[in-house]
Amino acid sequence: MKLLAARRLFTIVRVIARYRLDDQLLALPLPWWVRLLIALLPWRWLPRGKNPHSRGAALRLALEDLGPIFIKFGQLLSTRRDLLPPDMADELAKLQDQVPPFPAAEARARIERFLGAPVSEIFAAFEAEPMASASIAQVHAAKLHSGEDVVVKVIRPGLRPVIRQDLAWLFLLAGLLERASREARRLRPREVVSDYQQTIFDELDLMREAANASQLRRNFDGSPLIYVPQIHWDYCREKVLVMERIYGIPVTDLKALADQGTDMKKLAERGVEIFFTQVFRDSFFHADMHPGNIFVSREAPWNPQYIAIDCGIIGSLTPEDQDYLARNLLAFFKRDYRKVAQLHIDSGWVPPHTRVNEFEAAIRSVCEPIFEKPLKDISFGQLLLRLFQTARRFDMQVQPQLVLLQKTLLNIEGLGRQLYPDLDLWNTAQPFLERWMRERVSPVQLLRNLQAQAEQVPHLSHMARETLERLSQHNNAVAPAQPASSWPAKLLGVGLVVGASQHGLLLVPAAWPAWLMLAAGAFLVLRRQ
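Count along the sequence shown from 1, then add 516; that gives the number in our numbering.
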């Protein structure tokens, strides 16, 4: 194991030298002793020509040379545009994890081992040649005995030891950068590596991906907007996933879409509608919507429907984040920068001591030049990115769920503009958000909220009885000779029990006497302490 680690270190050093990444390190404000160590590296004393690559391209090529785990890391890093310069983020976004497949016989053996039966017994037909091969898994076409066409996704062998080894080197490098440079600490490299560790180990569990796909399919059951392939649960395990095979057109194949007469304007607008529906209606959004995971149905091209696959990465927002985000976006539409600043403070996205006037001025300086353009020429995703970068000056902590949201929005917007260059995302999104905000305060939604609170009553009743018992035990222990002293606690307990078990809601008038008993008991208990 130590020998393998030493070989891996040698490979990493060789790649750093080949792509002159040491030159990029020297461009950082590093301590003198770190700069001296870099300057003394052996290869720096050898004659070298001019570097033919930009810094972004050099980093991308280095990660490609280091293999699948580093490629995956670069792909994740490309989504952190709040941390990287735009030129580096753009280059890392080009990373492709198409890697040579592992042998078909090994894939077949792994499928049989995990499913516990021969492939010929499980499937009526199985194609040994993989349809696609990536850094984590590869996919084979097959047919069930029931006649349904399916795809079989199987995790690559021997990944965990390699991942752990590469992660150890990444953590080591991140730690060295944090100790050596204040600028590096601002980028929080250890936190980025930690996020990557969670993401890549999640992707190794195909049961998680299957569950995500099943939920997304249920959310859009019968919808003309998007179709999610069916999961065949009987054949799913942690390392193997079997799902319905789809025959759509890759969303990037613009010629095939045009040839079948696809309504490109409607297709682009539906992409935006799908995104906002997932974020605000369901709080469950596909966070890996790059073009390789999106297809378009061949049926009804005048009423085009998306097909989504690979649900390994899913994002969600709390109701509070949904509300604040919708209010922020609507305030943007109206150029109400004061409200945007105040919402950031109210939501806790920036510290409470932030001065609203200063934050408002900073937001205005970012947004006003952008709003001078026609709306169809404004990139919504880039605007959010600029806003997050501005908010960082006010100690805004990066919210993981917002990073995923921003990444997904950039993907959707870029794809929409590719399909239909005149896409006006603002005009498409604003009616949806306004309708969603109206529904949030509708009588039907308020009744649902009350019902959800009422469902908590049994739990509240149980808590109330436990509280009463604890208070009684406390009073008996403190003043066993004065039983009369426990009556305020009993009043508190009776209020809790009656209020919770019978009504549970402060908004219900019939519950007010019980809640008054609760308040009076609490006051007297506290007064006697």
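Careful: at least some of the hints might be erroneous.
Claimed, not checked - What follows is a set of in silico ranges between Cβ atoms, one per label pair, in the way DEER data are often shown:
1. 877 / 714: 49 to 57 Å
2. 768 / 864: 33 to 41 Å
3. 849 / 714: 33 to 41 Å
4. 645 / 707: 16 to 24 Å
5. 908 / 951: 47 to 55 Å
6. 567 / 602: 16 to 24 Å
7. 851 / 777: 37 to 45 Å
8. 630 / 905: 43 to 51 Å
9. 640 / 538: 52 to 60 Å
10. 622 / 533: 30 to 38 Å
11. 905 / 681: 14 to 22 Å
12. 851 / 768: 29 to 37 Å
13. 681 / 621: 22 to 30 Å
Said to hold, decoys possible - Dumping the calculated DSS-like pairs for lysine-lysine here, alpha-carbon to alpha-carbon at most 27 Å:
14. 850 / 782
15. 850 / 781
16. 781 / 771
17. 610 / 771
18. 771 / 782
These are computed hints drawn from the structure, not numbers from a lab. We put the CB at the ideal spot given by N, CA and C, even for glycine.
Evaluation of the provided hints:
no., hint, result
1, 877 / 714: 49 to 57 Å, "violated (37 Å)"
2, 768 / 864: 33 to 41 Å, "holds (39 Å)"
3, 849 / 714: 33 to 41 Å, "holds (35 Å)"
4, 645 / 707: 16 to 24 Å, "violated (41 Å)"
5, 908 / 951: 47 to 55 Å, "violated (32 Å)"
6, 567 / 602: 16 to 24 Å, "holds (20 Å)"
7, 851 / 777: 37 to 45 Å, "holds (39 Å)"
8, 630 / 905: 43 to 51 Å, "holds (45 Å)"
9, 640 / 538: 52 to 60 Å, "holds (56 Å)"
10, 622 / 533: 30 to 38 Å, "holds (34 Å)"
11, 905 / 681: 14 to 22 Å, "violated (34 Å)"
12, 851 / 768: 29 to 37 Å, "holds (35 Å)"
13, 681 / 621: 22 to 30 Å, "holds (26 Å)"
14, 850 / 782, "holds (26 Å)"
15, 850 / 781, "holds (25 Å)"
16, 781 / 771, "holds (15 Å)"
17, 610 / 771, "holds (22 Å)"
18, 771 / 782, "holds (17 Å)"
Of the numbered hints stated above, those contradicted by the structure are hints 1, 4, 5 and 11, listed in ascending order.
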